[in-house]
Amino acid sequence: MDLILDSTIAAPSAPPRFATISELLDTPEPEEIATRPLLSGEIDDLDRSFDLPALRAIAGRTRVWLAEHHLGPGDTVALLRLPDASELPLAALLLGLLACGVRVLLTTGFEIPDLERLLRLARVRRVLIAPCSRPSEQQRRARSALARLCAAIDTPLSAPASELLDGDEAGQAAPGARAPSPSALLFT
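When you line the sequence shown up against our numbering, it's residues -5 to 182, in that order.
For the record, the hints were derived by calculation from the structure and aren't laboratory data. These numbers were taken from a predicted model, which means no experiment stands behind them. C-beta atoms are modelled at their ideal positions from N, C-alpha and C, and glycine is treated no differently. Any given hint could turn out to be false.
Claimed, not checked - Per label pair, the in silico range of CB-to-CB distance: (1) Ser138 with Glu62: 22 to 30 Å; (2) Ser43 with Gly68: 26 to 34 Å; (3) Ala145 with His64: 31 to 39 Å; (4) Pro9 with Ile106: 40 to 48 Å; (5) Pro107 with Ala13: 19 to 27 Å; (6) Ser43 with Ala153: 16 to 24 Å; (7) Ala61 with Asp41: 29 to 37 Å; (8) Ala145 with Gly103: 15 to 23 Å; (9) Pro31 with Pro9: 19 to 27 Å; (10) Ala153 with Arg111: 19 to 27 Å.
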């Protein structure tokens, strides 16, 4: 399928200002730009947005969390969305992971047999999900199936999003090593 852009809004004339997510999060910006929402959406039916300082704080907490779990630049994790869960926490966590140089297998929908094959092919070291404060029965079943799959393939399952997203979001991310080319693999 060809993508045709006929809007000047959709097709910028200048090259991207930042080459990597790390560069975006590490570059100082004037306050009026830094406090502008970069990600917006709903979490548990509440409007929520993340500005640059919040994303920097998430990246800093993600860096610490990864180190505590013996993960770092070049490692691969899977980031999964449970059925009917908000995509906003996943987007914020994805930016934090990419800023830390972690490769991310990102899927917004999955069937367990297909997922097992993808996790093995990508050599995923940990599976991450964003928990919901009020999980539905469908989400509980999906999480249970994921837990069984992860146990069968000896890959840890974690739900770090709440601890990474809910801290003091005014802080700066700690400086750290940049990976040469973090990447996201998207399967939908």
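For the pair Ser138 and Glu62, does the Cβ-Cβ distance stay inside 22 to 30 Å? For Ser138 and Glu62 the Cβ distance comes to about 25 Å; the hint holds.
Could you see if the CB distance from Ala61 to Asp41 stays within 29 to 37 Å? At roughly 32 Å between Cβ atoms, Asp41 and Ala61 fall inside 29 to 37 Å, so the hint holds.
CB of Ser43 to CB of Gly68, is that within 26 to 34 Å? Holds, at about 31 Å.
Pro31 versus Pro9 beta-carbon gap, inside 19 to 27 Å or not: holds (24 Å)
Range hint 15 to 23 Å (beta carbons of Ala145 and Gly103) holds or violated: Given range 15 to 23 Å: holds, Cβ gap about 22 Å.
Could one say that the CB atoms of Ala153 and Arg111 fall in the range 19 to 27 Å? holds (23 Å)
Distance restraint hint 16 to 24 Å, applied to the beta-carbon atoms of Ser43 and Ala153: Since the Cβ atoms of Ser43 and Ala153 sit about 22 Å apart, the hinted range of 16 to 24 Å holds.
Verify the CB-CB distance for Pro107 and Ala13 against the hinted window 19 to 27 Å. About 37 Å separates the Cβ atoms of Pro107 and Ala13, which means 19 to 27 Å is violated.
How does the Cβ-Cβ distance of Pro9 and Ile106 compare with 40 to 48 Å: does it lie in that range? Holds, at about 41 Å.
I want to verify a distance hint. Is the separation of the beta carbons of Ala145 and His64 within 31 to 39 Å? This hint is violated: roughly 19 Å between Cβ atoms.
Hint check: violations occur at hints 3 and 5; the rest are consistent with the structure.
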